[in-house]
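Here is how the chains run, residue by residue.
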Amino acid sequence: MSAFRRLVFFVFLLLAPLPARAIDIQSVTSPGGITAWLIEDHTNPLISLAFGFKGGSAGDPEGREGLATFISGMLDEGAGGIPSADFQKRLADHGIEFGFDASLDSFTGSLRFLTDDRDLAFDLLGLALTQPRFDEEPVARMRGQFISSAAQDERDPDSIAGRALNRILFPGHPYARRTAGTPQSLAAITVDDLRGFVAHNFLRDRLNVAVVGDVTPDQLKPLLDKAFGALPEKGPAVAIPEARVDDQGGLALIERDIPQTILLFGAPGIKRDDPDFFAAYLVNYTLGGGGFSARLMNEVREKRGLAYGISTDLATLDHAGAIMGSAQTVAAQASQVIDLTRAEWAKMQTDGPTEEEIAAAKTYLLGYYAQNFTTTRSAAQTLLGIQMEDLGIDYVTRREQEISAVTLDQAKAAAKRLFDPKKMVVIAVGRKDGLTPTREAP
Amino acid sequence: MKDCSRRIAKRSRVRPAAWLAGLLFCTALIFAQPSRAELFVADTFTLDNGLEVVVLPKHLAPVVYQILVYKAGAADGAPGKNGVAHFLEHLMFKGTKKVAPGAFSREVDKRGGDDNAFTNQDVTAYHQQIAKRDLPLIMEMEADRMANLQLSDPVVLPERAVIIEERHQRIENNPGAQLGEMMDAVLFLNHPYRLPIIGWRHEMETYTTQDAIDFYQKHYAPNNAVLVIAGDVTTEEVKALAEKYYGPVARKEVPPRLRLQEPEAYTPRRVTLESEFVDQPAVSRSYQAPSYRTAEGNQAYALQVLDEILGGNNVGRLYRSLVVDQGLADYAGCNYNASPYDVGSFAFWGAPRQGVKVEQIEQAIDAEIAKLLQNGVTDQEIADAKRRMEIAAVKSRDSLSGAAQFVATRIATGSSLADIQAYPDRIKQVTAADVLAAAKAVLVLNHSVTGRLLPKPGAVPGAPPPTPPAPIGGGIQ
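In order, the protein sequences belong to chains A and B. Residue numbering for the first sequence follows this note's numbering, beginning at 381 and increasing consecutively. Residue numbering for the second sequence follows this note's numbering, beginning at -1 and increasing consecutively.
Chain B with its partners taken away, still in its complex shape (with noise of 0.2 Å):
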């Protein structure tokens, strides 16, 4: 459930480890996390046509930022067209009766300005960062293109071959992802997660321009989207510019979201993906769970202390046993994500060392498992996890573009903003008996799919000599 955007992300680098989960599982924001009193300085309205607004200022530099985020994802297209949600947003950009095709970011740019878009199952988004004086015109070129989308056949038709080519990219070029894309196809048996953002190849190559007029027509409207504004300015400035550009939007009849809802399941699924291009072989199992908005009680809450206690960074219980202790992994981890409007996911994943098997791994996590589920976590584990997370919520008031997306996406997957403001709070509440209640509820082996990948066996063309044998310098296998 990798977000799928408009542009590659600019370079980043990634230690060794992190391509597995990069690849399997759904990014979480980096800080789904919470800190003292309230997370963020932020305020909030709601324009007449109904469109809500966040502010979150910030003002290190003379810069904003502007995410407005739709309640509309991949999970809402038409049997046939879950791609669709994807395909508008490449779309979008393509023009207005005010903006010409491509001019959008091309206005942007030539301000220093930073312009993109992302489709997951839930939401689309746009967002752009710029100067502080530039503000009211990327208001007015969103505001514009949430009603006044053009689109013909002679600027869709390039760009179903690009998303076509972006599929090329991050699937099928991509052994992981491909994996990835047939844990969802499993794990979910009714569900639209289970269908790829980005759309089955064959279904992509006949979406048409009416698709992408329907979906626009029916999911894009004030009322259905939340705004988001941070950096350089005060509620007053938002405020004025928002009733001036977007106000005049008229609101409009919203389907309601009712997806197709999960059975009972009977077993566990398994997959496994040979490729020739992997050298490491690497093991992840993904259970369903609750999200922010269908868990009970302190559920989510509790969960998110789980995954800190359990996948803490070189602190986790997984990398200490599995990595540390028993020498048998590369990397282990989870990660648990609540972020999604109908199912969340808790994940597990490992790599072994040089010469141990992916069973062994998988044997090492089911372990760590039973042991939670015996034992349950330690008040001193409850209290070391909460500290971090308090920490790891003020660092996240550094980021402008991360704070904004984390909390337009939250509303527009139907939290509050007093929700998000009262995660500290939340977080303090969560107790031992908590934590446990919640993994006995969640990590039911009958709501999980494992893969695995694994090297082809057989020689490569221009295969690397064998690796040497294990690594000098002891170890403690």
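For reference, chain A alone in the conformation it holds in the complex (with noise of 0.2 Å):
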């Protein structure tokens, strides 16, 4: 339901980080040189994986948009001697999970299982990612599959929205294609374009690994050799150029005769490398990444009703920084609703945060980060994201200091670089209704 969930811009790790005095964290390292990092938990016969290359659909060649898409559904349909039908019976037999994902920067992959089967998936892992079979039939099943996606997405006004967005916030960069690709492009990607990702991407060097669950370090060792000791060391990498994030600010408008119309938000942000992350953190939950205790929520629903929900977020990718935001109404309040996010903005600029807020979004994060650890497999999701964002195995304990340490000024400075108003770019999906478009929508 969420405008955003089309964005394909994850935050994950901003919505996580945490206290965990109790959480241990262990590098284990294979005969073969595989590191993962290591909770152990013996709770449940369960063990959860999860692992991710560097590099993701803004590689995806020219015309062959959606290809790490396609590859993220092909891993579980046959690998080595196992054909299709046989891989996914064994999968669905031993209830293992098994699943990947696609991102502007990165692959990832998520498996969970019972200790018991913890070698067949490790094995069935390694198949998948170094001798994927692409047979006929399961590729034109799935390209079916992701062409009808495709399709559907350029009806539906979430979708149409959230293009937009990229498109008008990353102009001329991959950032602003279409991650699960076009029905064209979907329809020119060959088996031998699905080999070449694999070939150019699953790398020793771009790889992390973290591991939760019913398992030792002794145990664990060998089958991360078996998952990815094969794998290739290095190669050369597509680079991605730094985005330059649109600042026109604006309205553009899509008209659709929808009763409700779609409002999302961008701006340049903040990246997660920047060293005012955290302040500019606090500030975005202050303003409107807080739900219920951020400022535009109370001004735009609670004391008018006028929106069942709106936020904004901090879309921190590895070649740009932006603030993406949403909201819905019904297209006779959706000028009142711009001009209220913009009149918030404007004021959090001029006037910043609160010592109190600051406060409030302090302990909102240092007390959130222990949920992430309440199973295995969000824990084991929350060790990936340090690891893809390099932030370190200490980066536990480190992140509580830093979040504690950010200043009342530090904050008001980090309000006054992001949040113009006049930076603010809106697109709007819906009826024209008292809307005065400044700019085309791309």
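These are computed hints drawn from the structure, not numbers from a lab.
In silico DSSO-like links for lysine-lysine, alpha-carbon gap of 30 Å or less: (1) B/Lys96 / A/Lys683; (2) A/Lys601 / A/Lys469; (3) B/Lys108 / B/Lys96; (4) B/Lys108 / A/Lys796; (5) B/Lys95 / A/Lys683.
Mind assembling these two chains? They're in different frames, but the hints should get you there.
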């Protein structure tokens, strides 16, 4: 339901961060030289594995948009001597969850299985990563599914809005393209393209691995080699340029005959490695990221009942930082919601957050982190996120200090730098009622 | 019958095929499944005022999860007021004498917690996840609003506008959800499940502060609720806190759950919705089915085994036949929902590949159903399905909130903790004959509705270029 669902940016690391004094992260290196971070938890006979390669759909070749996404659907469709139907029956009969995901900057995988099946799960993963079959029937079947989905996205107002925002914010950059491809680009992808993606992306020097659950370091070591030991060491990476994020602001309207107008907001933001990151995070929480504790939710929903929800997020990509927000309201109220949002941005830029707001944002951010470690799956994903951002194994403790150290002045400076209402562009998808567009929808 | 909730769930990734299932059908809890011996590590006790409490200890992180479920939902509303259960859910955040409007969520946020609520036809639930040290706070605030809610027009009326925007967002901007609403409206001829959980818009516009207060006073009481606490706790800790905070809330008389029941139906129902926002057509069929509470013998369990055989992910009969072997569909599946208090559902769906007509998908689903009713299922299929379900049950213990929501809503719709815990054994007992008998009892066309979601013929402003011809690379159409 979130308008952001199709915006392709994920910021799981941000929603996450933590205290978890009880949490013991071990670094485990296999005889073959594969390193994984491990949290042992023997409560249930379960293991979760999360891994990721740097490099994602932003590297899809021109005219082959959707390639990384296509691969994410093909890795459980047969590998080595095991054709698709057998492969899927083995996964199903052992209840091995086996999922893959392509984002703009990375390709990630997530497995969860019973302790008894750990050899089988790591063997199947090794086969999938090194010898995927790409047989004719599953390629045609998955291609059909992705094309149908891409064609549906072309009609779906939420998707239309998300694509327009990406195009307007990242003009000419790979981030402006459609991660999941177009019907045309998906139709053009060949089996050689699929094999090329695997050969150029599944490399040890861009791999990170996290494991949480019922396994000891000594048990894990040989398993890591089964899954990842046969991957090539390195290869040339696709060079992605830094994006120049659009700062022209204004309003672009895409007319569609729907009762409720979809509004997306966008502006230049901040990258994860920026020294002001946590200051910016705390300010964004105060303005729009903090749900019912955020100013926008209070002004737009609680006081006036203008929308079911409104929020803003920091999108921290490898080659761009952006602020993105969303709200939906009936057509007649769209311009009022836009005006209120701009006014709140302006107020935040001018006056910044209050001492009390920053304190509440800090305690939220500090307290929330432990929630990431309540299941083996989310704990593994959290560890992987830390690795993918190169934050280091001491991040869990360092993070707490970094957040606590942010001062009110630093937060005000971040607010001044980031929340400029003149740089905030609005994409509206809906009826024209009372809206005056100032720029073309891309 | 998708739940409505106070705030939108965090982003979730959906595989290309998942939208239809999500839009049209009841969201089954992911792990409506069984295990070895007992499903969960669990303990239970009841307070003197009638509040049932279940404790699900799990110690991976110093975090706890509280869910309080009232045994009252949209189907318990007065005529013309069925959406008031959901409206009240929103208003429960508007404060008491002790807690200012909005302060509940702010206090939880400040401590790094999460809170939300949801309403379905049968229950209304409030839940929070937070650090263990803050468990007393959330129990105190939840118990406080069980009896001391304060409502007045200045806070209620803007919230009425919010739920109307919520309806726009969930239903009126969303053709799949509109079709789902129409399907429920004709599948049920008399039972209030035919009405939308969120309410019809023209009725929502008339809801008053007094409507919400009336529902609150009638249904919200400790003896009409179930409390589940999961996470880094012991039964002793929970018992002491529950007695301290919930113990003083007075028991009251609550009305019996008597809903209008379904008559005999003489014909299948069929609805079609065309929309310019739809590109890929889809079809779904929903049969009324017994629920955990109303099923006789082990019928509900037999239907779950059937659901796994037909709809198991990537290996079920529907996917293998329609998607892989015949190459007709992009996706196909089914779902049995046994959770409702009165009437469950068994639903099928599918969406054609490009170039295939939706009629062919419906015919192919009908052919699978006919084959099932003719030949039943094999012992091998039964054995495979049971094993998969057993593994899924073990995996369901990984989730803190999921396990707690499952237990709380099951108990609030008529199951006992013992029923829930016996699930693995009940599944083990299911035979091929049980599955065939249950299928024959349930898959009766007169008890069903079929819905088709179709693209609207004609051009769309700013429409995309025509989709390309059949994908290259072959295929087995």
